[in-house]
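Visitor: Top to bottom, those sequences are chains A and B.
To get my numbering, take the position in the first sequence, counting from 1, and add 4.
To get my numbering, take the position in the second sequence, counting from 1, and add 20.
Derived from the structure by calculation, the hints contain no laboratory data.
Even glycine gets a Cβ: it sits at the ideal position worked out from N, Cα and C.
Honestly, I wouldn't trust all of these hints.
Said to hold, decoys possible - Not the full set, but computed from the structure, chain B residues with beta-carbon under 8 Å of chain A:
| hint | residue |
| --- | --- |
| 1 | 40 |
| 2 | 42 |
| 3 | 57 |
| 4 | 58 |
| 5 | 156 |
What the hints assert, rightly or not - Taking lysine-lysine and the DSS-like style, the derived pairs with C-alpha atoms no more than 25 Å apart in a straight line are:
| hint | chain 1 | residue 1 | chain 2 | residue 2 |
| --- | --- | --- | --- | --- |
| 6 | B | 100 | A | 10 |
| 7 | A | 53 | B | 378 |
| 8 | B | 346 | B | 378 |
| 9 | A | 53 | B | 100 |
Stated by the list, open to error - Have a look at the derived ranges for each label pair, beta carbon to beta carbon:
| hint | chain 1 | residue 1 | chain 2 | residue 2 | range |
| --- | --- | --- | --- | --- | --- |
| 10 | A | 69 | B | 143 | 30 to 38 Å |
| 11 | A | 62 | B | 44 | 20 to 28 Å |
| 12 | B | 73 | A | 68 | 40 to 48 Å |
| 13 | B | 390 | A | 69 | 54 to 62 Å |
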Amino acid sequence: MSAVEKVFVEVTAKHDKEGKVRPLSISWEDGRELKIDRVIDVRRTASLKAGGLGIRYTCKILGRAVYLFDDEGRWFIEM
Amino acid sequence: MSRTILHVDLNNCYASIECLYRPEIRNSPVVVGGDPEARHGIVLAKNYLAKAMGVKTGEVLWQAKQKCPGLVIVPPDFKKYLRFSRMAREIYADYTNQIEAFGIDENWLDVTGAEHISGDGEKIADTIRQRVKSELGVTVSVGVSWNKTFAKLGSDMKKPDAITVISENNFKQKVWPLPVGDLLYVGRATKQKFANRAIFTIGDLAKRNVRDLKLLLGVWGETLWQFANGFDNAPIRQLGEESIVKSVGNSTTTVRDLVNIEDVKLIIYVLAESVAVRLRSHGLKCTTVAISVRNNELISFERQGKISTPTFVSGDIAAKAMELFKANYTWDKPIRSLGVRGADLVTADRHIQLNLFKCDQSDRESLERTIDSLRERFGSYCIQRCAMMIDSNLTGFNPKNDHVIHPVAFTR
């Protein structure tokens with residue numbers, strides 16, 4: 005089995021008047037606040053690796069592309 | 021004009037969803053099963069690995085385990101399944117407003133006229149298949165045809181993650197060789213009747229004289245003959261259009277066998293209350309009460325009786341149910357499962373024949389409504405019948421909220 009983990013994270017996001025959501029940063033386990041530099045792609049999709057589904061934000065964090073999922077208000081990343 | 025109808029079936033719905041959430045069990049045989057402690061221990065759904073080992077839906081869990089060592093048993097989570105069902109329907113709604121559910125995991129879609137926007141039936145079926153797979157992470161099988169019966173047949177022919185097209189040109193080759201039991205509404209009894217008359221395949225049925233079939237099965241004979249020939253022209257309901265409720269019922273398999281009339285009374289009151297609440301929320305009253313009883317050897321029967329005035333008062337329903345029970349059960353075996361149903365429904369606000377000798381019902385009706393609103397505000401256990409306290413293990417279930425999956429009526 006691959007060792008992909010589902011890690012729930014705290015997210016700071018901006019909700020605009022149209023109801024659009026844009027995650028701005030995530031709080032990492034060690035207390036660091038990681039800024040999301042860019043959101044590359046947004047789509048509703050299942051996470052086969054971590055197990056679950058939601059709206060997937062492909063985010064650029066510290067130069068790396070990370071999948072950040074919003075599963076009805078609970079956010080997680082594939083690790 | 022010929023219609024384009026899709027039947028979309030989520031493959032192994034419950035098991036697929038559980039496997040999606042738990043990648044670590046994805047490569048093991050998995051079944052979703054009830055709680056054996058509460059005596060609901062049967063297989064509700066299985067994945068393909070479990071199926072390959074011969075596990076069958078409806079089997080008792082220990083039997084399944086014997087067939088398949090290393091079987092992973094997952095408890096059901098109906099809230100999750102309903103969410104998936106809703107999300108799948110949201111996807112379908114992008115292509116049509118005519119979506120009719122058949123259970124939690126199957127839907128008929130009428131996409132007639134959408135050709136210019138989304139492509140022909142097969143194209144739409146393929147888009148839906150891909151979208152459900154990527155957005156929900158489960159696979160579907162789709163049948164495409166010009167009527168509901170063949171669309172359903174098509175979705176069963178190739179699974180999982182597949183599309184079957186049954187057109188007016190190829191249905192004789194594709195559908196007619198299939199066993200007649202595959203046809204919608206042909207169950208065990210009908211199949212036997214057909215076998216006695218040398219009707220084994222759908223083609224046999226289609227080629228028979230309608231009048232003979234009518235003599236054999238009545239109106240259904242003609243209906244099934246129409247199904248077999250592809251003359252089924254039943255429309256697909258619009259989204260949000262509710263089917264007309266014919267009866268409201270609840271049943272339960274109790275945590276332990278019921279051994280005396282006191283036990284039965286408790287369960288009947290719980291069920292009657294739930295039936296009454298649901299009747300009220302639909303604005304209906306029932307004029308017939310039916311009970312179903314199953315003993316611990318799984319032998320069951322149903323009895324029904326009329327009540328003098330239409331009612332949605334739980335006390336009336338329970339009293340009638342008790343009366344039916346006392347008149348019909350001899351206690352040769354303990355009881356495993358009980359059901360109460362209100363039928364012959366009428367709208368609650370219609371005029372009724374007043375009874376000269378019985379006191380006015382409206383006080384009791386408003387009392388029940390008050391209880392409804394109390395429960396809505398403070399939870400279902402804030403106000404209860406005293407009898408419920410006698411054995412809270414037995415009565416500690418809530419048929420209205422626990423049982424959200426409604427079975428599809430066999431005949432509508």
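Visitor: Against the structure shown, which of the earlier numbered hints fail to hold, in ascending order?
Guide: Structure breaks hints 3, 4, 7.
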